[in-house]
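Undergrad: Line by line, the protein sequences are chains A and B. Per the numbering used here, the first sequence starts with residue 1, numbered consecutively. Per the numbering used here, the second sequence starts with residue 1, numbered consecutively.
If you are wondering where the hints come from, they were derived from the structure by calculation, not from laboratory data. Model, not experiment: these values are computed from the prediction. Treat the hints with caution; some may be incorrect.
Identical copies look the same in the list; a pair holds intra-copy or inter-copy alike.
[To be verified] Lysine-lysine pairs mimicking DSBU-like chemistry, simulated, CA-CA at most 30 Å apart:
id, residue 1, residue 2
1, Lys138, Lys73
2, Lys317, Lys270
3, Lys138, Lys55
4, Lys270, Lys55
5, Lys281, Lys150
6, Lys138, Lys317
7, Lys281, Lys73
2 protein chains.
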Amino acid sequence: MTEPRYTPLVASLPSTVPFVGPETQERIREAEFDARLGANENVFGPSPRAIRAMKIATPDIWKYGDPENFDLKQALAAHHQISPENIVVGEGIDGLLGYLVRMLIEPGDAVVTSLGGYPTFSFHVRGYGGDLVEVPYKGDYEDPVALIEKAGEVGAKLIYLANPDNPMGTSHPQSVISAVIDAVPEGALLVLDEAYIEFAPEGTAPGFDVSRDNVIRFRTFSKAYGMAGARVGYGIAAAGLVQSFDKIRNHFGMNRVAQAGALEALADQKYLSQTLGLVAKARVRIGQIAAANGLTVVPSSTNFVAIDCGADGAFAKRVLAALLARSVFIRMPFVAPHDRCIRLSAGTQTDLDLFEQALPLALTEARS
Amino acid sequence: MTEPRYTPLVASLPSTVPFVGPETQERIREAEFDARLGANENVFGPSPRAIRAMKIATPDIWKYGDPENFDLKQALAAHHQISPENIVVGEGIDGLLGYLVRMLIEPGDAVVTSLGGYPTFSFHVRGYGGDLVEVPYKGDYEDPVALIEKAGEVGAKLIYLANPDNPMGTSHPQSVISAVIDAVPEGALLVLDEAYIEFAPEGTAPGFDVSRDNVIRFRTFSKAYGMAGARVGYGIAAAGLVQSFDKIRNHFGMNRVAQAGALEALADQKYLSQTLGLVAKARVRIGQIAAANGLTVVPSSTNFVAIDCGADGAFAKRVLAALLARSVFIRMPFVAPHDRCIRLSAGTQTDLDLFEQALPLALTEARS
């Protein structure tokens, strides 16, 4: 008996994990966090209508979900005023990114992303052996011009751009994004991750042009719709690219109850507006808490805010540790200079009360 | 603008789908089926305790599921008397099969399976460019001796064996399976798919020996536990192989509510026994209905039964079409000589009443 004969690529991969979950930390500290603000989740949760739809659908979970996601695609098509043939539904954006990378990337293929950008995209690219070329941010913003330039230079097959960005929360207006789309080099596909788009100001997302073969845009029910644990994301692209997912995707991979929940969440746009209002208020309050402690925030177009702790990564790490110790779960960007910041989600009033109490103590502790 | 630059492998793949879902057929006929017996689902559904646990967990769906599946792995470890480090939890066996094939198979690698065996495994193998070598069944049974022999001959990296089998429902006793495990050729990994094992007679599954590097066994909450739409499966293997999944799996791919449901479903073994009793009764009744129509059944160790229609595939196809037209959703095996059969799940009393009424009419129609 010997080890299985892994492919050379898989044998060479590290056993890294894009993120450590809060539950892992809770098991280590032997207590749940009082405020869960670190995983870019939406604490305001899904629409009560969506919750109700999921509860009603639960006894039917003995049935596989519809592998075509027909009803959800119809509803999304109507919502976005596009055709269902331009929509692929999958197990969260993470799942769809995995499929997309698999379709295009072989060992040695170049992929351009931002240094310090979304780790799960990079995880997939490395997992398929792609050569990840990382372009620095410009300040706290992804740098679209540099991304496009670099993509042309290295002949990238994929260019990843999150707008709004994760982990910094900044965004570019639609004029910039439209210019990026126009400038995608021949042979490259732009992956425009709009997971947080609903939180962004009007005029952040350009209109859909599904005649373009070289752009795929991703949206999700995990963020503004408050359903991260359901795993429902979707991509919008030219029909040919959408169809290609059928060659490889896990056709019966969708949770049936999640399908029902997403459908109802989408229908309840009133609740969505309400959530966006709550998030906007919470963002303001996070800014006020930061200011009261002599700190500034990075302007956010998402449901999380990066607070500049005013020093280096080691300092922010100490602030973070002190907050965790006070039962406030947050995270921080991985890469300098962004790791000068801590990052937390727009929380409930109770969450932010806790944070407000804990932050000055954490700063004192970090400074001492 | 041009088509995305797919890998040559993906460009060469057909857009086939392993199975067409019942919903697709329902949309075409513009009516739901009255009996849903074709998708190897378990009509008796999950434990009421599991349903309750899922409903309770639903408002928390704004949180991502625990990427480590810690609680479920602990419970499964206790249930099977093995260690959690020997368990990988994933998005159904289908999802886990995809990860496994990805880890081992490159274009040109040989994989041995049965001709007419589980299509989704073959879908994944083709999707990663594996050379699928298909060994004929021996009658209505997968042929373990021939599978092992062929694997040695072609230097297979993977050998797939479902016990009990899908689509025929037959099984081999543990003595045969143990002998297969002992005979796995050097360099091959045996994929023992036990999705239906709970329905099989005592003495079908050998004990777990996780010291073996060359076997991985798959189990699921989709079948006996009645949760197909939840997407929770697991693999049991040596710790090294289990850890390797972490290199590539979608760490945040599990539905949080499904995790909670599986945990409670596992805890309710009393309900499981009850289901097994209902399934056994339904199998007997399907046999009686077949006999009353002059037909025989293939002995089943699962929750579905293949009925031998006594003629060729074209005839069985006509029987199937006539049943579908009478609102009874069933399927049939794809490959001769198994395509002489139609196949249906152990249904509720109402389901089988419908089937009992429809079958003689369908047979008459098929014969005319």
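Undergrad: Work down the list of hints and note, for each, if the structure agrees.
TA: Tested hints:
| no. | hint | in the structure |
| --- | --- | --- |
| 1 | Lys138 to Lys73 | neither (37 Å within a copy, 43 Å between copies) |
| 2 | Lys317 to Lys270 | neither (39 Å within a copy, 49 Å between copies) |
| 3 | Lys138 to Lys55 | neither (46 Å within a copy, 46 Å between copies) |
| 4 | Lys270 to Lys55 | both (20 Å within a copy, 24 Å between copies) |
| 5 | Lys281 to Lys150 | neither (38 Å within a copy, 66 Å between copies) |
| 6 | Lys138 to Lys317 | within (23 Å within a copy, 63 Å between copies) |
| 7 | Lys281 to Lys73 | neither (32 Å within a copy, 40 Å between copies) |
The structure shown violates the earlier hints numbered 1, 2, 3, 5, 7.
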